[in-house]
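Chains E and W, in that order, give the protein sequences.
Take the first sequence: its position 287, counted from the start at 1, is 287 in the working numbering, and no numbers get skipped.
Take the second sequence: its position 90, counted from the start at 1, is 90 in the working numbering, and no numbers get skipped.
Calculated from the structure, these hints are not laboratory results.
What you are looking at is a predicted structure, and each value in this text was computed from that prediction instead of being measured.
It is possible that part of the hints are untrue.
[What the hints assert, rightly or not] Under the rule of at most 30 Å between Cα atoms (straight-line distance), these lysine-lysine pairs were calculated in the DSBU-like manner:
#1 LYS32(W) <-> LYS186(E)
#2 LYS44(W) <-> LYS186(E)
#3 LYS5(W) <-> LYS102(E)
#4 LYS140(E) <-> LYS55(W)
#5 LYS55(W) <-> LYS108(E)
#6 LYS112(E) <-> LYS102(E)
#7 LYS186(E) <-> LYS66(E)
#8 LYS107(E) <-> LYS66(E)
#9 LYS107(E) <-> LYS55(W)
#10 LYS221(E) <-> LYS236(E)
#11 LYS5(W) <-> LYS32(W)
[Said to hold, decoys possible] Calculated from the model, a selection of chain E residues having no Cβ within reach of chain W, i.e. all distances over 12 Å:
#12 GLY70
#13 ALA71
#14 GLU104
#15 SER143
#16 ASP183
#17 LYS253
C-beta atoms are modelled at their ideal positions from N, C-alpha and C, and glycine is treated no differently.
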Amino acid sequence: MDMKILPRNLNKSLCILLVTLSPLSLVTGCRKAESESDKRLSSRVTIVGSSTLLPIIQAASEEYVKDYKGAKVDVQGGGSSVGIESVINGTANIGMSSREPKPEEMKKGIVKTAVAVDAIAIIVDRDNHVDTLTSEQARKIFSGEITNWNMIGGRDQEIILVNRDEASGTREAFTKLLMGNEDFLKKAIIQPGSGQVRSIVGGTPGGIGYLSRGYVNKEVKVVALDGVKPSISAIKKGNYPLSRTLYLITKGKPKGLIKDFIDYVLSPKVQHEIVGTAYEPIIEVNE
Amino acid sequence: MKKEKILRYIFLLAASVAILTIFLILIFIAAKGVPLFFKVPLGKFLFGMDWSPTKGHFGAFPLLVGSFLVTAGAVAIGAPLGVAVAIFLSEIASPKVANLIRPTVELLAGIPSVIYGFFGIMIIIPLVRNLIGGAGFGLISASLVLAIMILPTIAALTEDTLRSIPKAHKWGSLALGATQWQTIKRVILPSASEGIFSAIILGVGRAIGETMAVLMVVGNAPIIPTSLKDPFSTMTSVIALDMSYASGQHQQALFALALILFIISMFLVAMLRLVSHKRSS
């Protein structure tokens with residue numbers, strides 16, 4: 001009987017040992033697989049960055065994979081700074097950016113390709129009576145000088161600011177185009193993505209925030225800025241003050257599959273059918 | 001006997017992996033975080049009020065206060081609740097009822113924190129918004145979410161302690177004519193106080209280190225909240241929010257925050273050891 005018990009216990013302990021060590025073997029196993037598939041890596045493109053560009057690049061990548069069998073395209077958000085940082089340190093092939101790369105980032109050998117022109121919409125909750133703001137009023141709201149909607153003709157309701165995090169290209173562009181030297185009110189709620197800003201502003205009475213016009217939906221109301229709504233025609237005419245160019249970022253000049261994908265995004269079909277639904281296609285700007 | 005020896009070495013190896021990992025993590029965090037203090041003095045980092053990392057201001061005091069506030073809030077709600085659950089399970093409920101409720105409470109511990117955060121956003125935040133106004137993000141929401149998260153830890157450990165008290169104490173008290181409530185209050189709780197204290201320390205450890213759920217409900221403004229309506233940040237929420245894009249000094253500052261968290265959890269473990277040592281001797 002003893003003879004029987006010993007092997008059984010042994011098996012059990014071996015089992016536990018295997019379970020504890022299995023993550024280790026998994027790690028080493030993955031390493032090997034990766035180096036063997038270096039050749040196949042060229043048929044895989046990783047795209048990271050701005051949540052503004054995410055929906056259209058996601059849609060374009062789905063079409064692209066349909067047309068080019070065998071290619072794999074992964075698209076993730078995270079913010080423009082994450083996109084640029086990932087391209088610089090090599091963890092992504094393409095970065096999506098809704099802001100101009102900074103000079104010190106350009107120095108690290110990245111190349112930008114403009115793909116669309118966007119407008120940043122200022123949004124409020126749907127029950128808000130205010131329809132239009134001047135640039136001056138908007139600046140004072142986001143810097144915390146105006147704290148109640150009744151100070152600008154709305155109802156007596158506290159203003160609740162929803163801001164983006166510092167990785168956000170939208171925040172950077174909004175700062176540059178509207179805020180100038182004014183600082184944001186530090187007490188504002190900060191959210192890491194455009195989708196979160198939209199759902200919080202939409203669900204909070206008195207809420208206000210900003211996001212790419214591509215993210216606007218029925219949950220929120222867009223206010224006009226200096227009397228102009230951020231429509232595609234307003235961007236084209238250059239009437240809307242908060243317009244900015246959206247870029248795809250690569251390390252060095254795009255090559256191979258990466259170039260192929262960027263060319264695909266710049267093709268008339270994608271520019272009109274996908275990009276054009278939310279932003280002004282870049283090919284129309286260049287005309 | 002050879003097998004015995006081999007097995008012994010295998011288990012020794014397993015134990016060394018744990019110790020080695022802790023040392024590697026500590027060395028890594030320190031190597032990445034300490035260089036910050038050559039540029040930003042430690043006092044300025046710990047007590048500075050302005051956290052604007054992309055502008056080069058690394059005053060982490062608001063984040064420290066934020067972590068402290070949510071933890072205090074969570075313990076203030078979660079500890080009485082957890083102890084009450086434990087008293088109910090060990091002293092009041094019939095074994096049948098207890099066997100039904102205990103696994104349910106234990107299940108709370110197994111729910112991923114992102115789901116607590118989601119629950120916070122969908123249920124607690126609208127509730128708080130309707131109750132006190134504002135956006136609903138802030139101390140109340142974060143404390144409530146964390147209180148639910150530390151409840152199973154505190155309840156389970158407290159129940160173990162309550163059950164380990166010799167039955168004779170309880171019977172003696174009841175035989176002297178004390179009511180059940182008097183017995184719980186005067187006999188059971190005092191003799192379990194050290195165990196309850198350890199349970200609460202473990203709860204503190206869980207609350208101060210919690211990241212995902214907190215990030216989703218605090219509102220992430222880098223300030224010291226002056227009202228219950230104000231959003232704020234904690235050390236963990238800032239690390240999680242910024243690590244994907246931080247570089248240079250900003251990244252060092254995040255590792256410095258991690259180092260502070262590491263020191264706090266070392267301190268908590270030491271406190272736990274001290275309490276259990278006192279109890280056993």
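Here is how each hint holds up against the structure:
Restraint check for LYS32(W) and LYS186(E): the C-alpha separation of about 28 Å stays at or below 30 Å, so the hint holds. Under the criterion of a C-alpha separation no larger than 30 Å, the hint pairing LYS44(W) with LYS186(E) is consistent with the structure, at around 19 Å. Between LYS5(W) and LYS102(E), the direct Cα distance comes to roughly 61 Å. Violation of the 30 Å bound is thereby established for this hinted pair. For the hint linking LYS140(E) to LYS55(W), the alpha-carbon distance of about 21 Å falls within 30 Å, and the restraint holds.
The straight-line distance between the Cα atoms of LYS55(W) and LYS108(E) is roughly 20 Å, inside the 30 Å bound, and the hint therefore holds. For a cut-off of 30 Å, the pair hint linking LYS112(E) to LYS102(E) stands: about 11 Å separates their Cα positions. At roughly 46 Å between alpha-carbon atoms, LYS186(E) and LYS66(E) are farther apart than 30 Å, so this suggested pair is violated. Our distance criterion of 30 Å between C-alpha atoms is broken by LYS107(E) and LYS66(E), whose separation comes to about 36 Å.
Between the alpha carbons of LYS107(E) and LYS55(W) the distance comes to roughly 20 Å, so the proposed pair stays at or under 30 Å and holds. Our distance criterion of 30 Å between C-alpha atoms is met by LYS221(E) and LYS236(E), whose separation comes to about 22 Å. Using a Cα cut-off of 30 Å, the hinted pair LYS5(W) and LYS32(W) is violated, with the two alpha carbons roughly 40 Å apart. In this structure GLY70(E) is separated from chain W by more than 12 Å, as the shortest Cβ-Cβ distance comes to about 30 Å.
No beta-carbon of chain W is positioned within 12 Å of the beta-carbon of ALA71(E); the least distance is around 26 Å. With a cut of 12 Å on Cβ distances, GLU104(E) falls inside the contact zone with chain W, its closest approach being about 10 Å. Every CB of chain W lies more than 12 Å from the CB of SER143(E), the least distance being 14 Å, so the non-interface label holds. Residue placement check: ASP183(E) does not keep its beta carbon more than 12 Å from all beta carbons of chain W (closest about 9 Å).
The Cβ of LYS253(E) sits about 24 Å from the closest Cβ of chain W, beyond the 12 Å cut-off, so the non-interface label holds.
Going down the numbered hints, you'll see the structure goes against 3, 7, 8, 11, 14, 16, while the others check out.
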